[in-house]
Amino acid sequence: MDNKQYTDEKLNLFIDNELDDVEANELHEAMLQDPQIRERVCQLKAVRELVGFAYQSPPRSNYDRRVRSNSGRSMLWKGIAASLVLCLGIIVGWSTHQYGPSVIAGSTTASNVFSYYAEHAPSKNIGRNFILHLSTSDIGAVKAALDEADNLITSYKRSNTPLKIDIIANQRGIDVLRVDVSPYIDRIQKMVAENDAVTLFACERSIAKAKAREGRDIVVMPETVTNKTARELIPERLNDGWVYIKV
Amino acid sequence: MKIVESLVASFCLKQEFALRRNKLYQIAYSWCHDSTLADDLVQEAMYKAIKNRSKLRELSTLDSWLYRILINCWHDYLRVSGRHVELFDVRDDRIKDHSDMYQKLQIVDRVRSSIASLPMNLREVVTLADFAGFSYAQIAEIVDVPVGTVMSRLFRARQNLKEQLLDMSNDEAIQLKLRRVK
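Chains E and W, in that order, are what the protein sequence lines are. Once you know that position 99 of the first sequence is 897 in our numbering, the rest is easy, because the numbers rise by one and skip nothing. Once you know that position 53 of the second sequence is 56 in our numbering, the rest is easy, because the numbers rise by one and skip nothing.
Derived by calculation from the structure, the hints in this document are not laboratory data. Since the structure is predicted, the reported quantities are computational estimates derived from the model, not experimental observations. Even glycine gets a Cβ: it sits at the ideal position worked out from N, Cα and C. It is possible that part of the hints are untrue.
Derived, one-sided and incomplete: chain W residues facing chain E with beta-carbon distance under 7 Å [claimed, not checked]:
1. 129
2. 133
3. 169
The calculated lysine-lysine pairs, modelled on DSSO-like cross-linking and capped at a C-alpha distance of 27 Å, are [said to hold, decoys possible]:
4. E:1009 with E:955
5. E:1009 with E:962
6. E:955 with E:843
7. E:843 with W:165
8. E:808 with W:165
9. E:843 with W:26
10. E:1044 with W:54
11. W:26 with E:955
Given only the sequences and the hints, what does the whole structure look like? Please build it.
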């Protein structure tokens, strides 16, 4: 795939959803194949997110101040009503919560990843922690994830900033860590051997399910931690402020 | 009966305007970087919109119609004041520590400075696209230029911002990088 075939004008059209479906799909394929195209798209998206972010909180308008001062009492009642709704929501949410979108909501898109960075942008030499969540064994997606991990390691090393990456695999994603199945074993082993920052986790429950499904033991890489479920691992890291990247 | 319908329609339209006021203010601020001026521009745009509400053909075009009025107010202001290049001055007298808030302010200041350094026609287009979320066709209608011109302005604006904001190798202060795996 020729990186230069895609001009920045075209990539702009792509990120703004102004390409037709055929061209958008072609470009999407090209992104999967070519990290340079992916990087260029990411940079343009980053610029777009930055512009969007920069004016979300301009200095408050005078009109807004006047309106607020006139509506203090109604705001009180609105606040009480909102609190009641919130309490109700918490009760309902608590009684129905499951691992899945509700637990990791709001962290899966590029814009959210960016927002996280923007709000917690590190000063020099302050570390950053990432969860790379693999729930698929799709070759293209896994390759992109490993490229991503490599890029993170390289760029943080270059800036001499501490980094920690926990690769957490569940569902079909555990295949990536299976020694008899994964085409990426050598690459992952090298990554772990060369970087203390990287830790591998395979969901205990997903391993049990795969074992029941296949009727044989599931053998994962020896470096892999397997005594916890993804349901336990991911939320506890999110609570500690880790950046979540879903593959 | 027609009078009642007209009154109801007028009331509804004013409600629609009010709902959009904050976004209009944000966009106006992104162009002029002056909260008082942004307020004035929005006020004037709202006044003109209410006065000329009969010219609005369809409610579905309300957004682009309102923003077009706003940008005309802005251009009128520039014409009258003769200010085609604005100085950008963000005063930050808050505590300069390394808290998350300060980091956030640093980023915002830096991005706003970069946007302020753009020529006005690029600034308008990039904020309408990236902040207000308009399509190319809508921006063409608001700014009153062909879609091709919108594309080229957007391209130049983003190239410029990319060079200013994402050149990590030359940047010691803030390290930003968008990551996406999908």
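Quiz prompt | Hints that the structure is at odds with (numbers, increasing) | solution = Violated hints: 4, 5, 10, 11; rest satisfied.
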